[in-house]
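Novice: The residues making up each chain are set out below.
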Amino acid sequence: MRGSIRKLPEERLEGIGVCPGVAIGNAFLVDDPRGRVVRVFLPKERLESEILRFRDAARAAQAQVKLDIERVRAALGSDHAYILEAHLLMLQDRTLGRQIENFIRVNHANAEWAVRDVTQHLLEVYGQIEDEYLRERGSDIEDVAHRIIKILSGKEQRSLNELADNSILVADDLLPSVTADLDPRKVLGFVTGIGGWTSHTAIIARSVNIPAVVGVRGITERVRSGETVIIDGSAGTVILNPSPETLIFYTEERQRQRQQALYDIEERELPAITLDNHEIRLRANIELIEEIDTYQRFNAAGVGLYRSEFLYSQAESGQPTEEEQYEAYKFLAGMVGDEGAVIRTFDLGGDKLHLEGFKAERNPAIGMRAIRLSLSVEPVFRTQVRAILRAAALGDLKILLPFVTNVDEVRRAKKIIADVKRQLASEGIPHKETTQLGVMIEVPAAVMMAEALARESDFFSLGTNDLIQSLLAVDRGNENVSALFDPMHPAVLRAIKMVSDAAAKMQIPVNVCGEMASNPVQVILLLGLGLRDLSMTPSAIPAIRRLVRSIKLADAEALAAKALSLDTPAAVRHHVQTHLNDLGSELLAAAHAG
Amino acid sequence: MQKRTVTITNRLGLHARAAAKLVKLAASHKSRVTLARAEALQHTADAKSIFSVLLLAATQNTLIEITVEGPDEELAMDALCRLIAEKFGEE
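Going line by line, the protein sequences match chains A and B.
In this text, residue positions in the first sequence follow our numbering: the first is 504, and each later residue adds one.
In this text, residue positions in the second sequence follow our numbering: the first is 3, and each later residue adds one.
One chain only, chain A, in its complex shape (with noise of 0.2 Å):
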């Protein structure tokens, strides 16, 4: 247990931002949803009434129990109420009872979280029986917790209707049922202990914008409710007991970004033009439907990528139906208008798709992925272009090809599109006659044969990452190695060159949506090689906005040909900072906020 007095030492913790900014507030754990439990810290004057409280929910139980005893019997016969007898028991057993109000009186808890705190800790001394039936029964005891803490909680809600203001969330894992009636005015952050980039809290902290980081392993067991808590979502970082010094840092911190936040507002309608006139197009990379209201508040011109591979982790059944996919590229159509979105098709492996003798891959990055596995496992495929197809009657959707490698790769994807065409044109069904068809540059063998690959397409997607570590033969999930992943590298920059010229050339529009479009001082880069539509995560538009706002593409222009001459990722790098000097200072700033 924590002392209230001795000041403990600060603590930081990693976990994955996935809401940007800054949140300083008091921590409020949130318990098992199943059970909404919630961990208050009650005066000591406040203990017996609590303790009182759990013994009425106790007998409430049992008296529920009884009823229940009393049914099945009369139902099926006494010989099925044993299991219920045995839940009787556990409630009038008094051993259990005991615990659970020494851990009241104990640890200044309600009697919701002593129920769980106690339950969970014989659970686990019966998960460690050898025999399994016997362990099984853990399961009985889960059940005979939820049923109390179902009763104190009707009883009395200490639940999120209770939340302080300036309060953090702080739990396993929220789910849907307990985000959704949650006040945001209430909330200042998120922190879960488990999840990562698309699980449902980051999600709903994206789509409402409040800082958040998740897969903080072991969170709920640090920190208490009340404790003050700061949150990082830019860099995934979580702040338990920050001393006065940290306290100021990120006060101080979290004043620059409202303030960052009012001119982004301001700004928003800002066309992205830059100082000698040239309009650059910004765009957003989404992944899920839900975050589409991201893509409204940033002014977006536009879903430059949205990835539906992440249907898969949302569908009911593991495997998207049409149904289901033609309801989201539905919505994503009506949300964008004219503007239009880019959705790109299944970039998944082969163990998404639960194929049958599908062996696993010793390196699934340059495996059966992507366009490879649409093609080698059509009906999946054609089943996607359909819903695509189908939505794209009501409104602006464009259908982009991920790790092409080879032009009879698309020719083959045409003609499967072709076919779905026809074949809903038969049934009668309304789609759209006449989509357009991008290809995915992101392997060298792509930029390599750009022109040709232009011939048989619409529009190119510069996929940066994929491209660069590809191309400089690095695994940026390789620590050895991951230093070596460089988007300044003069080889990068020559090929993006290449795919820029040969886009031009052919007269096909081309769109960067890796992270470098993200990046100011990259972004310049990007300009000068001759791209003008970035698509990016939202949040990165108002930096990008303005850095374009206060720079001129000539001198974009004259940078990004220096750079392509040079010969070490050094060298550019040193060129690019020494030249940000004379682009303005006001650029200076735009491009060390980024």
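The set of hints was computed from the structure by calculation and includes no laboratory data.
Certain hints may be false.
[Claimed, not checked] Over 12 Å on every C-beta distance to chain B, these chain A residues come out as not near it, computed from the model: (1) 529; (2) 597; (3) 644; (4) 725; (5) 739; (6) 857; (7) 1009.
[Stated by the list, open to error] Cut-off 20 Å, straight-line C-alpha distance, at most; resulting in silico cross-link-like pairs (DMTMM-like, lysine to aspartate or glutamate): (8) 26(B) / 899(A); (9) 833(A) / 756(A); (10) 23(B) / 643(A); (11) 23(B) / 573(A); (12) 1008(A) / 1060(A); (13) 26(B) / 1060(A); (14) 917(A) / 859(A); (15) 23(B) / 571(A); (16) 855(A) / 825(A); (17) 924(A) / 826(A); (18) 26(B) / 936(A); (19) 833(A) / 899(A).
[Unchecked claim] Facing chain B, a subset of chain A residues (Cβ under 8 Å, in silico): (20) 598; (21) 606; (22) 609; (23) 632; (24) 643.
Where is the CB? At the ideal position from N, CA and C, for every residue including glycine.
Start from chain A and add chain B according to the hints.
Specialist: Okay, now just chain B, sitting in the frame of chain A:
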């Protein structure tokens, strides 16, 4: 005080249903009833607490020592041994 060692013979051992029967039977007597696995006599279980009994994790063929102490100890011991011998009425 009465002491007797018996073998759990029903197939599923002292699982929830069997434990419930045993606890109910023990609780219907005034005497104090404790159980222990024959190989770990220092860990006694209160036969009137279902959690305690379940934690014995007594599977089929486990040897259990029953200790009964109180006004109705003989009666209680006989009843408990009968229940166990009859495999809790399960088979």
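Novice: Evaluate each hint against the coordinates.
Specialist: How the hints compare with the structure:
1. Interface exclusion of residue 529(A) from chain B stands, the closest Cβ pair being 36 Å apart, more than 12 Å.
2. With a least beta-carbon separation of about 7 Å from chain B, residue 597(A) fails to lie farther than 12 Å from that chain, contradicting its non-interface assignment.
3. With a least beta-carbon separation of about 8 Å from chain B, residue 644(A) fails to lie farther than 12 Å from that chain, contradicting its non-interface assignment.
4. With a closest Cβ-Cβ approach of about 29 Å to chain B, residue 725(A) is found to remain outside the 12 Å limit, as its non-interface label requires.
5. The Cβ of residue 739(A) lies farther than 12 Å from every Cβ of chain B, with a closest approach of about 41 Å, so its non-interface assignment holds.
6. For residue 857(A), the condition that its CB be more than 12 Å from all CB atoms of chain B holds, with the nearest at approximately 35 Å.
7. The non-interface label for residue 1009(A) is consistent with chain B: the shortest C-beta to C-beta separation is roughly 73 Å, beyond 12 Å.
8. Restraint check for residue 26(B) and residue 899(A): not satisfied, since their Cα atoms lie roughly 71 Å apart, outside the 20 Å limit.
9. About 40 Å separates the Cα atoms of residue 833(A) and residue 756(A), which puts this hinted pair outside 20 Å; it is violated.
10. Between residue 23(B) and residue 643(A), the direct Cα distance comes to roughly 16 Å. Compliance with the 20 Å bound is thereby established for this hinted pair.
11. In summary, the hint linking residue 23(B) to residue 573(A) is supported, as the alpha carbons are separated by about 17 Å, within the 20 Å threshold.
12. Simply put, residue 1008(A) and residue 1060(A) have alpha-carbon atoms about 18 Å apart, close enough for the 20 Å limit, and the pair holds.
13. Straight-line distance between C-alpha atoms of residue 26(B) and residue 1060(A) comes to about 87 Å, which puts the hinted pair past the 20 Å bound.
14. Between residue 917(A) and residue 859(A) the alpha-carbon distance is near 27 Å, which puts this suggested pair outside the 20 Å criterion.
15. The straight-line distance between the Cα atoms of residue 23(B) and residue 571(A) is roughly 18 Å, inside the 20 Å bound, and the hint therefore holds.
16. A C-alpha spacing of about 17 Å is found between residue 855(A) and residue 825(A), which places the hinted pair at or below 20 Å, so the restraint holds.
17. The hinted pair formed by residue 924(A) and residue 826(A) meets the criterion: a straight-line CA distance of about 17 Å does not exceed 20 Å.
18. For the suggested pair residue 26(B) and residue 936(A), the alpha carbons sit about 74 Å apart, so the restraint of at most 20 Å is broken.
19. For the proposed pair residue 833(A) and residue 899(A), the alpha carbon gap of about 10 Å is at most 20 Å, so the pair holds.
20. The closest approach between the C-beta of residue 598(A) and any C-beta of chain B is roughly 5 Å, which is under the 8 Å cut-off, so the hint is satisfied.
21. Interface hint status for residue 606(A): violated, as the beta-carbon distance to the closest one in chain B is roughly 15 Å, over 8 Å.
22. Residue-level restraint check for residue 609(A) is violated (minimum Cβ-Cβ distance to chain B is 19 Å; threshold 8 Å).
23. Evaluation of the residue 632(A) hint against chain B yields a held restraint, the C-beta minimum of about 4 Å falling below 8 Å.
24. The restraint placing residue 643(A) at the interface with chain B holds, with a minimum CB-CB distance near 6 Å, inside the 8 Å limit.
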